[in-house]
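Asker: All chains, please: the whole structure from these sequences, using the hints.
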Amino acid sequence: MLAPHREQLTGDEAHDRVRAMLAETVDTELWHAQRVLQAASTAAVDLSGCDALSRALDVAAGADVSPPAPNPC
1 MLAPHREQLT GDEAHDRVRA MLAETVDTEL WHAQRVLQAA STAAVDLSGC
51 DALSRALDVA AGADVSPPAP NPC
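According to UniProt numbering, the sequence shown is numbered sequentially starting from 1.
FYI, nobody ran anything at the bench for these hints, they're computed from the structure.
Glycine included, C-beta positions come from ideal geometry on N, C-alpha and C.
Possibly wrong hints are sitting among the right ones.
[Claimed, not checked] Cβ-Cβ distance ranges computed for the label pairs, FRET-style:
| id | residue 1 | residue 2 | range |
| --- | --- | --- | --- |
| 1 | Q34 | V59 | 48 to 56 Å |
| 2 | A14 | D51 | 49 to 57 Å |
| 3 | T10 | L57 | 33 to 41 Å |
| 4 | V59 | D16 | 43 to 51 Å |
| 5 | T28 | A61 | 41 to 49 Å |
| 6 | T28 | A60 | 23 to 31 Å |
| 7 | P4 | Q34 | 44 to 52 Å |
| 8 | A33 | A3 | 47 to 55 Å |
Answerer: As structure tokens, then:
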């Protein structure tokens, strides 16, 4: 398809056309995987053992994160 063209379909014909367009343009395996991931639990993730990731997420969220103080030991 080089340019959009108007179609007016109904019923099974419309359903089949949408399925064909999705098959041509969507990575259905990735789409399904994303649906599964998004349907998973929304409970908070425990990041207590991952300081670097916690800091990176804080920075991305706009928090003012100071570097950790050096350990005098």
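Asker: Could you work out which of the previously given hints the structure breaks and list their numbers from low to high?
Answerer: 1, 3, 5, 7, 8
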